[in-house]
Structure formats: structure tokens, C-alpha cells
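Assemble the whole structure, with the sequences as input and the hints as a guide.
Listed below, chain by chain, are the residues.
There are 4 protein chains.
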Amino acid sequence: MALHSTHEVTVEWGDCDPAGIVYYPAYFRWCDQSTFRLFLKAGLTRDDMSGGQWREGPPLVAAECSFRRASQTGEKLVVDSHVSRFGNSSFTITHVFRDATGEIAAEGSETRIWARKEGDARTLKSVPIPDEVRKRLSG
Amino acid sequence: MALHSTHEVTVEWGDCDPAGIVYYPAYFRWCDQSTFRLFLKAGLTRDDMSGGQWREGPPLVAAECSFRRASQTGEKLVVDSHVSRFGNSSFTITHVFRDATGEIAAEGSETRIWARKEGDARTLKSVPIPDEVRKRLSG
Amino acid sequence: MALHSTHEVTVEWGDCDPAGIVYYPAYFRWCDQSTFRLFLKAGLTRDDMSGGQWREGPPLVAAECSFRRASQTGEKLVVDSHVSRFGNSSFTITHVFRDATGEIAAEGSETRIWARKEGDARTLKSVPIPDEVRKRLSG
Amino acid sequence: MALHSTHEVTVEWGDCDPAGIVYYPAYFRWCDQSTFRLFLKAGLTRDDMSGGQWREGPPLVAAECSFRRASQTGEKLVVDSHVSRFGNSSFTITHVFRDATGEIAAEGSETRIWARKEGDARTLKSVPIPDEVRKRLSG
Numbered sequence: 000m001a002l003h004s005t006h007e008v009t010v011e012w013g014d015c016d017p018a019g020i021v022y023y024p025a026y027f028r029w030c031d032q033s034t035f036r037l038f039l040k041a042g043l044t045r046d047d048m049s050g051g052q053w054r055e056g057p058p059l060v061a062a063e064c065s066f067r068r069a070s071q072t073g074e075k076l077v078v079d080s081h082v083s084r085f086g087n088s089s090f091t092i093t094h095v096f097r098d099a100t101g102e103i104a105a106e107g108s109e110t111r112i113w114a115r116k117e118g119d120a121r122t123l124k125s126v127p128i129p130d131e132v133r134k135r136l137s138g
Numbered sequence: 000m001a002l003h004s005t006h007e008v009t010v011e012w013g014d015c016d017p018a019g020i021v022y023y024p025a026y027f028r029w030c031d032q033s034t035f036r037l038f039l040k041a042g043l044t045r046d047d048m049s050g051g052q053w054r055e056g057p058p059l060v061a062a063e064c065s066f067r068r069a070s071q072t073g074e075k076l077v078v079d080s081h082v083s084r085f086g087n088s089s090f091t092i093t094h095v096f097r098d099a100t101g102e103i104a105a106e107g108s109e110t111r112i113w114a115r116k117e118g119d120a121r122t123l124k125s126v127p128i129p130d131e132v133r134k135r136l137s138g
Numbered sequence: 000m001a002l003h004s005t006h007e008v009t010v011e012w013g014d015c016d017p018a019g020i021v022y023y024p025a026y027f028r029w030c031d032q033s034t035f036r037l038f039l040k041a042g043l044t045r046d047d048m049s050g051g052q053w054r055e056g057p058p059l060v061a062a063e064c065s066f067r068r069a070s071q072t073g074e075k076l077v078v079d080s081h082v083s084r085f086g087n088s089s090f091t092i093t094h095v096f097r098d099a100t101g102e103i104a105a106e107g108s109e110t111r112i113w114a115r116k117e118g119d120a121r122t123l124k125s126v127p128i129p130d131e132v133r134k135r136l137s138g
Numbered sequence: 000m001a002l003h004s005t006h007e008v009t010v011e012w013g014d015c016d017p018a019g020i021v022y023y024p025a026y027f028r029w030c031d032q033s034t035f036r037l038f039l040k041a042g043l044t045r046d047d048m049s050g051g052q053w054r055e056g057p058p059l060v061a062a063e064c065s066f067r068r069a070s071q072t073g074e075k076l077v078v079d080s081h082v083s084r085f086g087n088s089s090f091t092i093t094h095v096f097r098d099a100t101g102e103i104a105a106e107g108s109e110t111r112i113w114a115r116k117e118g119d120a121r122t123l124k125s126v127p128i129p130d131e132v133r134k135r136l137s138g
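Chains as they are written, first to last, in numbering that gives the first Met the number 0: chain A, 0 to 138; chain B, 0 to 138; chain C, 0 to 138; chain D, 0 to 138.
Keep in mind that the hints were calculated from the coordinates and are not lab data.
Incorrect hints may have been included.
Which copy? The list can't say, so a pair holds if one copy fits it or any two copies do.
Stated by the list, open to error - Here are the computed lysine-lysine pairs in the DSS-like style, where the Cα-Cα straight-line distance is at most 27 Å:
hint, residue 1, residue 2
1, Lys75, Lys40
2, Lys75, Lys124
3, Lys124, Lys134
4, Lys116, Lys75
5, Lys116, Lys40
Bear in mind that the values here come from a model prediction, so they are computed numbers and not experimental data.
Laid out in C-alpha cells, this is it:
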């Protein structure tokens with residue numbers, strides 16, 4: 000069992016390229032936005048920015064997406080996101096994009112670790128996923 | 000007299016829209032990048048991020064750009080940037096974009112203030128432009 | 000009298016910069032998105048892409064925006080857009096961004112011309128604004 | 000043996016997020032830009048846009064990237080790209096990002112198919128990779 004959140008995105012004119020279809024990095028923006036909303040729905044703050052700087056949260060270690068159907072300006076896509084794997088410090092969020100016909104347009108995942116900043120923004124230390132985060136995202 | 004810096008940008012596939020020409024917010028990214036380089040050339044750090052958070056620098060108060068010639072994927076544009084006006088706390092940077100033929104493709108400006116953070120990231124206090132900044136950008 | 004449309008945007012994590020506030024080119028993306036929606040509300044297609052290529056529509060000749068209050072990740076802004084000036088071939092759309100408190104966060108405008116493609120994507124010919132467009136956007 | 004191309008990217012202020020490090024979709028923009036340059040170096044046009052519309056080229060079917068070291072504003076990364084696999088219609092481009100110390104900052108790949116447009120922009124038909132493309136990208 001895992002908490003799911005859904006997020007509707009509109010394919011904007013500026014998301015598309017000269018071929019008239021979505022420029023693919025946009026799907027990764029939408030994945031990131033959808034993870035943000037999954038945390039919100041779970042009652043969690045994804046990134047601890049207290050004191051004006053990033054202190055703790057889930058930075059990416061890997062991301063991938065496969066593209067099944069090209070989408071065009073004005074289309075609406077629904078992204079369904081949930082945590083599909085919990086490790087000790089790392090976890091995977093799966094994102095499924097469906098178009099208005101219900102067909103899968105794209106399917107991606109993000110692998111993130113739970114980390115705290117030590118020193119500068121480049122020095123992150125992985126830590127176990129907090130129990131509260133694990134519990135709330137499990138739904 | 001003002002210090003000028005020039006910066007070549009390549010119009011990328013992902014900078015263009017379904018009409019096959021630059022999606023206009025890209026020009027503002029290029030203006031911001033060019034202001035960053037103008038500070039670098041002057042031997043200045045544009046934004047003080049010491050201690051892991053933004054402390055002082057020149058946030059935007061206004062930006063504008065006029066577009067004369069549409070550019071396409073693969074074209075190279077040269078942006079020439081300089082401070083065209085110094086006030087007490089505010090200053091204006093003018094950016095001129097020329098294409099490979101030397102024609103002006105776009106012309107923009109950014110009005111920025113010198114500011115320090117007080118409290119959270121939204122609470123900025125304008126302060127006089129530091130003498131060193133004024134002197135170095137004057138060339 | 001002019002037709003108004005309103006469009007809510009969420010300030011995303013990826014719209015913000017290391018200072019923790021909106022990276023300003025994002026406001027221009029939102030202006031463009033809002034113009035797209037204004038046309039939709041008027042029952043118009045903004046860009047004629049029939050036959051797989053851009054044929055007719057309102058490219059930008061100038062854009063400007065002034066920034067009053069910095070916004071942060073997760074904030075919702077409402078953009079209110081309307082045509083504030085009609086010329087023969089050119090027209091201006093005014094965009095007002097308000098934050099959750101109702102305060103103006105930013106205020107911008109786009110000046111566009113009505114144009115048709117002649118030859119390649121860079122060769123645009125300005126034409127009078129079609130009566131139907133003028134009428135429907137006048138509300 | 001495969002043709003390699005290298006492409007230096009500067010991490011821009013606007014490429015970074017409130018944690019002060021690269022917002023990850025930027026890596027995919029850089030992968031796409033690097034594939035574009037690999038084709039250029041091979042003396043090939045990646046996308047056939049003759050007649051003002053996309054007709055033939057290599058759209059994405061999948062992309063992935065793993066992130067090893069976070070990068071910050073002003074850093075320069077060198078992307079080394081080459082075709083690491085040729086199928087009949089599909090092929091994979093591998094992209095390795097190194098920072099100024101020579102360490103791998105990120106490593107990604109794009110899987111693309113060779114396709115022609117049939118009908119609208121969403122209807123793509125995969126075709127065998129042209130011999131000339133295969134030969135020139137093999138170096």
C-alpha cells in the first residue's frame with residue numbers, strides 16, 4: 000500500500016519544441032512537481048529550508064522516463080505518483096502520465112535519498128528515511 | 000564609460016517553440032546570464048551566498064525586451080551588456096543581441112536594486128550600491 | 000471593455016533560484032500561458048498550426064514586467080489578463096499577478112502583432128488584426 | 000568505435016534551485032543539446048525541418064540519468080557523448096558529465112528511434128536508421 004497523488008498538468012506552448020511536441024525535459028519537471036505534491040498530500044514538507052537554506056530533504060540520485068505518445072500544446076495530462084520502493088535511505092517514486100483518452104503517455108521514476116547538508120550545498124550526507132516520512136508516504 | 004561584456008549564446012532546439020523560433024522567455028534567461036558574466040568580468044560576485052544562503056546582491060525590479068528578428072535552432076547570438084544607468088540603489092543593465100549578420104535581433108534591459116536580506120527571502124532591504132561595485136562596473 | 004481571463008499558477012521548486020525566490024523569466028512564461036488562455040476563453044485559437052506548421056498568429060514584438068514582491072515555492076499567484084490596447088496590427092495584453100493576500104506581486108505586458116508566415120519561420124508579415132479576434136477579445 | 004563529441008556547459012544561476020544546486024531536468028536539456036552537437040560534428044542535421052515542419056529525425060523513447068555530485072552556479076561541466084548502441088531503428092547515446100576536477104558529476108543516456116512523420120506531429124513511424132547516419136556516427 001502506498002499513498003498516491005494525482006496532478007494535472009497542461010502542456011503549454013513553451014513546453015513544446017519545433018517538432019510541435021513536448022520537449023522531453025518537461026516530463027522531468029512534471030515528475031519533480033508531482034513528488035512535491037505527493038509530500039504535500041502526505042502532510043510533509045519535502046525540503047527543510049528553515050533558516051533560509053536547504054537543510055534536509057530528498058535529493059535525486061537517478062531519474063528515468065519512457066515516452067509512449069507525443070503530446071501537443073493544450074493537452075492535459077494526469078500524473079499519478081506514489082512511492083514504489085523504500086530502502087533504508089533511498090526510495091523510488093513512480094510517475095505514470097495519462098492523456099485525455101486514458102492511454103499512458105509516459106512513465107517515469109525518480110530515485111531519491113534522504114540527506115542532510117553538512118557544510119556546503121554540495122556536501123550531502125545520506126541518513127535513514129525518517130519514520131514519519133516512511134509512514135505517511137505508505138498511505 | 001561603462002564596462003561591457005559580451006556573451007555568445009547558441010539558440011538550442013529546446014529554446015524554440017512550435018512556430019520554430021525562440022520562445023521569448025529565453026531572451027530573459029540570456030539577459031540574466033549576461034549580467035552574471037558582466038559581474039564576473041568586473042571581478043565581482045553578483046550574489047553573496049556565503050553561509051549557504053543569499054545575503055546580498057542585485058534582485059530585479061523590472062525587465063523589458065523588444066524582439067526585432069526571430070531566431071532559430073543552431074543560430075548564435077552575441078549579447079553585449081553594460082550598465083547604462085546608475086542611481087543611488089538602482090541601476091539599469093542594457094543588453095543588445097546581434098545575430099551572425101550583425102543585425103540587432105533583440106534589445107532589452109534589466110533594472111535591479113542593490114539589496115540585503117532581512118529575515119526571510121521575501122524581505123529585502125534596498126541599500127546604496129557599494130562603491131566598489133559602481134567603480135568596477137563603470138570600467 | 001475587454002475580456003478578462005484569470006489563470007492560477009503555482010510557484011514550483013524548479014521556478015525558484017538559489018536566492019529561494021522566483022527566477023524572473025518564469026513570469027514571462029506565465030504571461031505567455033495566460034495570453035494563450037485568454038484566447039481560449041474568447042473561443043479563439045491563438046496560433047494557426049494547420050498542416051503541421053505555424054501559419055498565422057500573434058508573435059511578440061516586446062514584453063516587460065515589473066516585480067513588486069518576491070514569491071517562493073508553493074505560493075499560488077493569480078494572473079489577470081486582458082487586451083489593454085488595440086492598434087491596427089499590434090495590440091497589448093496587460094497581466095497583473097496577485098498573491099494570496101491580494102497584493103500585486105508583478106505586473107507585465109506583452110505587445111504582439113498579428114502576422115502571417117511568408118516563406119520561412121523568420122519571415123513574418125504583419126497584417127491587420129482579424130475583426131473576429133478584435134471583437135471576441137473586446138468581450 | 001564511435002564518434003565522440005564534447006560540449007562544455009556552464010551551470011547558470013537559473014539552472015539551480017533553492018537548495019543551491021542544479022535542478023535536475025537541466026541535465027536532460029544538456030543531454031539533448033549534446034546529441035544535437037554530436038550530429039553536427041558528424042556533418043548531419045538531426046531533425047529534417049524542410050518546408051517549415053518536422054519531417055524526419057530521432058525522437059526520444061526513453062531517457063535516464065544518474066547524479067553523482069551536485070553542481071553549483073558558475074561551475075563548468077564537460078559532457079562527452081557518443082552512440083553506445085545501434086539497433087535497427089533505435090539507438091542509444093551515452094552522455095558523461097565531468098566537473099572541473101575530472102570527476103563524473105552525472106551520467107545519462109537517451110534512447111531514440113529514427114522516425115518519419117505520417118499525418119500529424121503525434122503520428123510517427125519508425126524506420127531503419129539511414130546508412131549515412133549510422134556510418135557517420137560510428138566515427
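These are the hints, each one checked on the structure:
1. Taking CA atoms no more than 27 Å apart as the test, lysine 75 paired with lysine 40 passes in both settings, with 21 Å inside one copy and 16 Å between copies.
2. For a Cα distance limit of 27 Å, the shortest separation of lysine 75 from lysine 124 across copies, 24 Å, qualifies, whereas the shortest one inside one copy, 38 Å, does not.
3. Taking identical chains as interchangeable, the C-alpha atoms of lysine 124 and lysine 134 lie at most 27 Å apart only when both belong to the same chain, with a minimum of 22 Å there against 42 Å between chains.
4. In the homo-oligomer, the alpha carbons of lysine 116 and lysine 75 lie at most 27 Å apart only across protomers (22 Å), although the nearest pairing inside one protomer, at 37 Å, exceeds that limit.
5. Taking the closest pair of Cα atoms, lysine 116 and lysine 40 come within 27 Å of each other only inside a single copy of the chain (25 Å); across copies the shortest separation is 31 Å, beyond that limit.
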